[in-house]
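Q: Listed here are the chains, written in short residue letters.
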Amino acid sequence: MKNKLYRLTVLGIEQTLKMKFFVILNIIMLVGIIGVVNFGTVKQIIEKNTGKGIDKNILKVMVQDETERFVDLVKLKEIKDIEVVDYSEQGVTEGKSLVEIKYSNVSIISAKITSNEYIEDNKYTELQNIINEIRTDIFVDKYDANLNEVQELGSNVKIERIVLTLNATDYVKYEPVVMVIAFIMYMLFIFVAATISSTIGIEKISKTTEYMLTGISEKAYLWYNILQVNIVFLIQMILSGVYYVFANIISSLLIIKFLDGSVGKIGEIATFSMDPILFKIVVLTLVQTVLCVLILSIVQAIMTSKVNNMTDISNSSMLVIMIVVLVCFVSPNIINVSETVNIFIKIVSCLPVLSIVMVPKLILLHQISNIGIVLAVLANVATLTFLSIFGSRWFKRGLLDSGNSKKSDKRKKDEIYDMNKSKFKETIFKVSIAMLMYLVISSALGFILIFIKGAFILSTNIASLINIIIWVASILPPYFYLKPLHVKSKEANKKVAIKDKINLLFSCAFLVIVIQFIISFIIKDNSKFDIVDLIGADFKSIIGILLFTIQVAILPAIFEELLFRGAMLKVLNKFGNLASILITAFCFGLMHQNLTQGIFAFLLGIILAFITIKTKSIIPAMIIHFLNNFVSVIAVIAAETNNNIMINIINISVYAVVLMSGLYFAKNILVNRKIFKLENTGIKIKNILSCIFTQYIVVITLLLYVIITIYMEMLLF
Amino acid sequence: MLEVKNMTKKFGDYLAIDNISFTAKEGRILGILGRNGAGKSTLFRSILNIVQKDKGEALLDGESINYSILDRVGYLIEEGSLTPEYTVYNQFSTFGILKNMSDDEITTSLIYWLKKFDMLEYLNMKIKNISKGNRQKLQFIVSVLHSPKLLILDEPFSGLDPVSVDELKNVILELKKEGITIVFSSHQMEHVELLCDDILLINKGKMILYGNLNEIKNGYDKKKISVVGCLNIDKLNNENIFKIVNDKLNTYEIYVNGSNNVTDILDLIKTFDVQSININNLSLEDIFMDKAGIKYEE
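As given, the protein sequences belong to chains A and B, one line each in that order.
When the count follows this note's numbering, it moves up by one through the first sequence with no breaks and lands on 717 for the last residue.
When the count follows this note's numbering, it moves up by one through the second sequence with no breaks and lands on 298 for the last residue.
Treat the hints with care, since some could be wrong.
Stated by the list, open to error - Listed below are the simulated BS3-like cross-link pairs for lysine-lysine, each with C-alpha atoms no more than 27 Å apart in a straight line: (1) B:Lys149 / A:Lys4; (2) B:Lys243 / A:Lys207; (3) B:Lys270 / A:Lys207; (4) A:Lys306 / B:Lys149; (5) B:Lys53 / A:Lys4; (6) A:Lys207 / B:Lys217.
Stated by the list, open to error - Away from chain A, derived, C-beta distances all over 10 Å, residues of chain B: (7) Gly62; (8) Val73; (9) Thr83; (10) Ile97; (11) Asp247.
The set of hints was computed from the structure by calculation and includes no laboratory data.
By construction, the Cβ of each residue, glycine as well, lies at the ideal position given by its N, Cα and C atoms.
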C-alpha cells in the first residue's frame, strides 16, 4: 500500500511538472527574476556607456550666499556628493539646484532650495546639515558662545524608549519580518488550497475517485492528493530560489565586467546574520508552516469532497482562503502592542493554525514562555493527528455522497409536514431579510445624518424632522417587502364582536401597565437612558413638543404596528399562533437595539400580537402602543417644562386608567375567561429553533443586532 | 470464486440492499438485473468495500475482500471514472499503479488491449477529446488491464453501438474461457440472456430470483402463447390464463399457468379466426415482470 502511495505521488508530481502551465510559469519566473534582479545593474551599465547619468549621483548646486560660508564649508568637509558650480544669471537649469541663503537678525539665517528635479532625501539632508552648521557658526560668532553647547542645543532631544512589557527595539526591528512571513503564508495557502480543491473536485466530478478507491484506501487517497500538491509547491519554491541565485550570479558578472565594482551580493546572502530571536521565529515558523499547510490541506480536501459541480470547487477553496485571511491578517491585530497580553489572548494565540502568526508576535513582545511555544506546536501536531485519523472518513463520506441520500430519504418520509417546515423556513428567511433591511437602511441614513450634522448647523426641530423621515424611510421597505406575502384566508373575514374587542383592549392595557411597573421595579437604574438625550427635542416651542410627540408616540404606534403586527405577524400566523407571537415579539425587541427597552418591547410585543390575533385587527394594538408611549411622552414633557399641573393631571389619569382597566381585567378573568384562550397548532418550538439556526442569513442578522445592541449599551452606560 | 453473504446496506433508514447472497463461480458469467435504482451499483460498491456496508461479507476465493485483494479485481464503473484532463497513457499509468503493476506491465498490457479494440491511435490523446463510446471501451480496458481474477462490470454496454456491443461481448466470452469470474449488471435483458450462465434479479434492493438461467427458464412452469388473429378477449375465460397483452391490433400474448393446460387453451383459441399460433417459454423479461409484479421498463 505504501509503495502504491509513493508511486502514485511521484507519478502525480511528474505529470504536474510536465504540464504546459508549469513550464510556462517557470520560464516566466526565470526571465522575470533575472530581469528584476539585473534591472538596476543593466541600467547603470547603459548609463555609463552612453555617458549619461554618471554625474547623476552628484548634486550640482548653484549658490547665492549672503554669508559666503557655504562654498568654504563644502570644500572643508570634502563632501563628494555635492558639487558647487558657478551661478549663472539664466536661473535654474536642468540638473542643477539653486541654494539661496539669506541672513537676517531675527531668525539669523533662512534658506531656499529651488530645483527642476526632485532632490533625494539624503542629499536634501546634507544640504540642510551644511546650512545648519553655517547657522551655528554665525550664532557662535554673534554671541561668542561655546560651539559644543550650541551644537548640543540644536540637536534633537534623545528620549530613551523603555516599555516594561516589550522590547521595543526588537519589535520594531522584526515586525516587518513577521508581516512578510504572514504574506508568504497567505500566498502559499492560496496556491495549495486552490490546487487541492481543483484536483480533488475534478476527480470527484469525473468519478475517477470511485475507481481510485478500489485500489487504495481513502486515507492513502487523501494523502496522495495533499502530498502531490505540497511537493510540487516545494519544488517550485526551490526552483525560484535557484533562479534568484542564478540571477544574482549574472548580476555579479555584469558588475565585474562592466562596472569594475566589487561583488557582494552572493556573499551577503551567505552571511545573513541570525540573532537568537530571529532564529527562534524562523525555525518556529518553518515548523508551524509545515504543520498548518498540512492541516489546512486536509480541511480543504474534506470541504472539496462535498462538491458536486465546478462552481462549488472554487467556492470551497474560497472558504479556506477566508480562514487564511482571518489567520494571517486579522488575528495578529488581537494582540495590542501597548498592553500586557492577558491569559485569554495567550490561549487564543496557541490555538491550532492561529498560532502560526500570533506566536511569533508574542515572541517579539517577550510575552510567551518556551512552554507556551511548545504547547502551540503540540496543539498543531494534535490537530494534524486528529485530522489524519478522522479526516479520511469524512473525506470518504463526502466523496461518495451517502449523506445526501440519507436526507432525501427522510424527506420522503414526512412530506406534508416537511413542506410546511420548508415554507416556514422560507418565511423565517424573509423575516430576517426584512429585519436586516431595517438595520441597514436606518444605520446608513443615520450615518448620513451625522455627516449632515457635521456639515451644517441644524436647529433641533429640523434635526427631529430629519429623524422622523429617516425612521419612516427605514421602516417602510421591510413593511412593503413582507406585506405581499400575506394571503387573506377565509377565517380572517369572521368579525369579532365589538364588546369582546373592548374587553380585550382594556385587559391587555392593564397587563401592559403591570409589566411596565414590574420592569421599572426590577431595573431601577434607568436614569442614564435618556430618550431626550438620544432623540433631542426643543421643548421651548410648541412645534418642538409636537415633533417630539409624533416621533415618540404617534409614528411608532402606526408604523411599528404596521410592520410587526400588520405584516410580520400575519405572514407568520399560518404556521401557528405560538410561533408567530414569539417571533414577532422577539423581532420587535431586537429592533429597539437596547437591552432594557428590548426586554420590555418583547413582553409588549407578546401582548400586542395576542390582541391582534384575537381581535383580527391591528387597531387595538395601535391604541395600546400609542397610549403606552404617550404616557412617557407626557411625563418627559412635564419634567422638561416643570409643569406641576400637568404632572398632577398625568398622575390622576394614569391612576384612572389603571383602575378602570384593572376592573375590566378582573371582571374578564372571573366571568369571561374564554376570551383569553388561544389555540396553539402548527410548528413546535424545537422546529422554530432548528429553522433559525440552520440558515446563515438569519444567524448573521441576529448576530448583527446583538453586536449593535452591545455597542449601544456600551455607548449609553 | 466470489461469495457474497447477507450483504446489507442502508442509507439512513432506507434499505438500499436487503440481505443479498450469491455465488459467482469461475469460468461463468453472473448477470445482475434490475431497474434503475434497484441497487446494482450500490451492491458492487459494497462488495468492493468502497462504501461501508452494514452487514454481510464478500469473499474472493475464501478471503474477505480488502485493499490487497482488490488488486485481483477489475471494476468497470457505470459512468465516468476517467479524468478529462489526462491523456490516455497518463490515466492508465495511474490506474496501473493502483493495481500494483510495474511500469512495463502497464505499457505492454495497455498496448495489447488498445490493439484489440483497434484504438491504438488514442494512446496520447486527452480523454476529454474522446467520444463517449470509445471512452466506454477505455473504461473496460481499465477494468481488465491487470488481468484480474474477478471482473465486475457495471452496465458495460451503455453508450456503445451494436457493432461495438458485439465486439465487447466476444471479448467477455474470451475472458470467460480463460476462467475469470465475471459479474455484470445490466438493465437490458437481451444482453443478459445471451451472455449469462447465472442470473440474479433484484428489485428495490431485494433479491427476487437467483439461479442458473436455463434452469430458471425451463423450471418456470408458465407458457406464453403468441396469437395473430381476431380474438374476443371477453370470451377467453379460463382460470389458467393469468394475463393477456394486446399491444398491437390483432396480436395477442396469452400467459398460461402450467404447460399441461396449454392444450385446453389452444382449443379455446382455435374457435376464433386466427392466422398463426406460437407457444414459447417465458422470456427473461416476462419472468421479471411476473416476479416483480411490475412492467419492466428500459
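Q: Kindly indicate which numbered hints from before are broken by the structure, ordering the numbers from low to high.
A: Numbers 2, 3, 4, 6, 8, 9, 10, in rising order.
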